[in-house]
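> Here's the letter readout for the chains.
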Amino acid sequence: MADTEGKAIKVREKAEVTTPAEQTRPGLVFTPAADIFETDKEITLLADMPGVKAADLNIDLNENILTLDGDVKPPEGANEADVIREYRTGKYYRQFSLSQGIDQAKIDAELKDGVLRLKLPKVEAARPRKIAVKTS
Amino acid sequence: MIWRRITGFPTWDWTSPFDELERMRRDMDKLSEGLARGIFREPMAGVFPLMNVTEDKDNYYVRAELPGLKADDLDISVTGDTLSISGERKFPAEDEKAQYHRREREAGKFSRIVSLPAQVDTGKVEARCTDGVLTVVLPRAEAAKPKQIAVKTS
Chain A
1 MADTEGKAIK
11 VREKAEVTTP
21 AEQTRPGLVF
31 TPAADIFETD
41 KEITLLADMP
51 GVKAADLNID
61 LNENILTLDG
71 DVKPPEGANE
81 ADVIREYRTG
91 KYYRQFSLSQ
101 GIDQAKIDAE
111 LKDGVLRLKL
121 PKVEAARPRK
131 IAVKTS
Chain B
1 MIWRRITGFP
11 TWDWTSPFDE
21 LERMRRDMDK
31 LSEGLARGIF
41 REPMAGVFPL
51 MNVTEDKDNY
61 YVRAELPGLK
71 ADDLDISVTG
81 DTLSISGERK
91 FPAEDEKAQY
101 HRREREAGKF
111 SRIVSLPAQV
121 DTGKVEARCT
131 DGVLTVVLPR
141 AEAAKPKQIA
151 VKTS
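Same order as they appear, the protein sequences are chains A and B. Residue 116 in my numbering is what sits at position 116 of the first sequence, and the numbering runs on without skipping anything. Residue 126 in my numbering is what sits at position 126 of the second sequence, and the numbering runs on without skipping anything.
Rather than coming from a laboratory, the hints here were simulated on the basis of the structure. Heads up, a few of these hints could be off.
What the hints assert, rightly or not - Listed below are the simulated SDA-like cross-link pairs for lysine to any residue, each with C-alpha atoms no more than 20 Å apart in a straight line:
no.	chain 1	residue 1	chain 2	residue 2
1	A	73	B	47
2	B	57	A	8
3	A	7	B	147
4	B	109	A	41
5	A	41	B	101
6	A	112	B	68
7	A	7	B	26
8	B	109	B	72
9	A	73	B	55
10	B	97	A	74
11	A	112	B	99
12	A	73	B	68
13	A	14	B	145
14	A	119	B	55
15	B	57	A	80
16	B	57	A	10
17	A	122	B	102
18	A	7	B	97
19	A	112	B	148
20	A	7	B	92
21	A	122	B	57
22	B	70	A	8
23	A	7	B	47
24	A	53	B	128
25	A	7	B	91
26	A	119	B	21
27	A	112	B	108
28	A	10	B	127
29	B	147	A	80
30	A	10	B	73
31	A	7	B	55
32	A	53	A	74
33	B	70	A	33
34	B	90	B	57
35	A	112	B	103
36	B	145	A	7
These figures come from a predicted structure and were not determined experimentally.
Turn these sequences into a full structure, and let the hints guide you.
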């Protein structure tokens, strides 16, 4: 993405989720910022989830509803007192509905430096096919 | 209440409607104050990245959420009591033919300076980036450390 070269990042507060479902545990829930793009073969989803460890991330695809659920443990030590607090931490939760048939067996997820990269390959039937127009 | 409704007739007790209005005004004030506090709960510098600064007896801790960045992508320097962090968030090039459904994540350059409440030992500052969260540990300078003062009894 060459067009972003040299551009300064604008500050954005984390978006808090307004009741995704009744929470069983107290705490804040945020919506991770996501990029979704599609090629002929697959849909790729990138989500920023800083502070989430691979073991604490749950990805679930059920009836075309993709759910991302990442737990974050407070990074502060027990004896630390706040001086400035500009952002808050909490878990991440977001759901996406996928329209096309996804090959569930071939889903590939990678969490690296707080960014989730999820590859959702399309099933053979859902891939676009070029239709040749015959001239008689 | 009933007693008031009976006796609170304007000619007998003409201040009661104003009392009521005054009470309502006070309630509204309280409500709007609460709303304002809710919105401006966190003081914001308005500069990316947002930072949390905490302290304990020996150190200051500065944390920032920088998903996708590695320690090498960051330029961190400390002088006396200021910490400056700059870097660039880059996204790898994706497939040329990719069609976007959503694009919420942002790439670009950033730089920020924060002033710490006291001098730090610049030689012992440590920074690490784990899971997209940067943590900078800044030990307090010897002169800025809290000292226990023993009270002598004569």
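> Hint by hint, say whether it matches the structure.
Here's how the hints hold up against the structure:
Taking the CA atoms of residue 73 of chain A and residue 47 of chain B, the gap is near 25 Å; set against the 20 Å cutoff, the hint is violated. As the CA atoms of residue 57 of chain B and residue 8 of chain A are separated by approximately 36 Å, the hinted pair breaks the 20 Å bound. Between residue 7 of chain A and residue 147 of chain B the alpha-carbon distance is near 46 Å, which puts this suggested pair outside the 20 Å criterion. Among the hinted pairs, residue 109 of chain B with residue 41 of chain A is inconsistent with the structure: their alpha-carbon atoms are about 32 Å apart, more than 20 Å.
At roughly 15 Å between alpha-carbon atoms, residue 41 of chain A and residue 101 of chain B fall within 20 Å of each other, so this suggested pair holds. Between residue 112 of chain A and residue 68 of chain B the alpha-carbon distance is near 7 Å, which keeps this suggested pair within the 20 Å criterion. Straight-line distance between C-alpha atoms of residue 7 of chain A and residue 26 of chain B comes to about 47 Å, which puts the hinted pair past the 20 Å bound. Restraint check for residue 109 of chain B and residue 72 of chain B: the C-alpha separation of about 14 Å stays at or below 20 Å, so the hint holds.
With a C-alpha separation of about 18 Å, the suggested pairing of residue 73 of chain A with residue 55 of chain B holds against the 20 Å cut-off. About 40 Å separates the Cα atoms of residue 97 of chain B and residue 74 of chain A, which puts this hinted pair outside 20 Å; it is violated. Distance check on the hinted pair: residue 112 of chain A and residue 99 of chain B sit about 23 Å apart at the alpha-carbon level, beyond 20 Å; violated. Taken as a hint, the residue 73 of chain A and residue 68 of chain B pair is honoured in the structure, with Cα atoms around 19 Å apart against an allowance of 20 Å.
Proximity of residue 14 of chain A to residue 145 of chain B is assessed by CA-CA distance (about 34 Å); at most 20 Å being required, the pair is judged violated. Under the criterion of a C-alpha separation no larger than 20 Å, the hint pairing residue 119 of chain A with residue 55 of chain B is inconsistent with the structure, at around 41 Å. Of the supplied pair hints, the one linking residue 57 of chain B and residue 80 of chain A holds, its CA atoms being roughly 8 Å apart against a limit of 20 Å. For the proposed pair residue 57 of chain B and residue 10 of chain A, the alpha carbon gap of about 34 Å is over 20 Å, so the pair is violated.
The hinted pair formed by residue 122 of chain A and residue 102 of chain B meets the criterion: a straight-line CA distance of about 18 Å does not exceed 20 Å. A distance of roughly 24 Å separates the Cα atoms of residue 7 of chain A and residue 97 of chain B; the hinted pair therefore is violated under the 20 Å criterion. With a CA separation close to 44 Å, the supplied pair residue 112 of chain A and residue 148 of chain B exceeds the 20 Å bound. Taken as a hint, the residue 7 of chain A and residue 92 of chain B pair is honoured in the structure, with Cα atoms around 16 Å apart against an allowance of 20 Å.
The straight-line distance between the Cα atoms of residue 122 of chain A and residue 57 of chain B is roughly 55 Å, outside the 20 Å bound, and the hint therefore fails. Distance hint between residue 70 of chain B and residue 8 of chain A is fulfilled; the C-alpha atoms sit about 18 Å from each other, no more than 20 Å. For the suggested pair residue 7 of chain A and residue 47 of chain B, the alpha carbons sit about 14 Å apart, so the restraint of at most 20 Å is met. Distance check on the hinted pair: residue 53 of chain A and residue 128 of chain B sit about 15 Å apart at the alpha-carbon level, within 20 Å; holds.
Distance restraint check for residue 7 of chain A and residue 91 of chain B: the Cα-Cα separation of roughly 13 Å lies within the 20 Å cut-off, and the hinted pair is therefore satisfied. In summary, the hint linking residue 119 of chain A to residue 21 of chain B is not supported, as the alpha carbons are separated by about 61 Å, beyond the 20 Å threshold. Straight-line distance between C-alpha atoms of residue 112 of chain A and residue 108 of chain B comes to about 19 Å, which keeps the hinted pair within the 20 Å bound. Pair hint residue 10 of chain A plus residue 127 of chain B does not hold up; C-alpha atoms about 23 Å apart against a cutoff of 20 Å.
Of the pairs offered as hints, the one joining residue 147 of chain B and residue 80 of chain A holds, with about 18 Å between alpha carbons and a cut-off of 20 Å not exceeded. The hinted pair formed by residue 10 of chain A and residue 73 of chain B meets the criterion: a straight-line CA distance of about 18 Å does not exceed 20 Å. Of the pairs offered as hints, the one joining residue 7 of chain A and residue 55 of chain B is violated, with about 33 Å between alpha carbons and a cut-off of 20 Å exceeded. Proximity of residue 53 of chain A to residue 74 of chain A is assessed by CA-CA distance (about 12 Å); at most 20 Å being required, the pair is judged to hold.
At roughly 19 Å between alpha-carbon atoms, residue 70 of chain B and residue 33 of chain A fall within 20 Å of each other, so this suggested pair holds. At most 20 Å may separate the alpha-carbon atoms for a hinted pair to count; residue 90 of chain B and residue 57 of chain B exceed this at roughly 37 Å. A C-alpha spacing of about 19 Å is found between residue 112 of chain A and residue 103 of chain B, which places the hinted pair at or below 20 Å, so the restraint holds. A threshold of 20 Å between alpha carbons decides the hint, and for residue 145 of chain B with residue 7 of chain A the separation of about 40 Å lies outside it, so the pair is violated.
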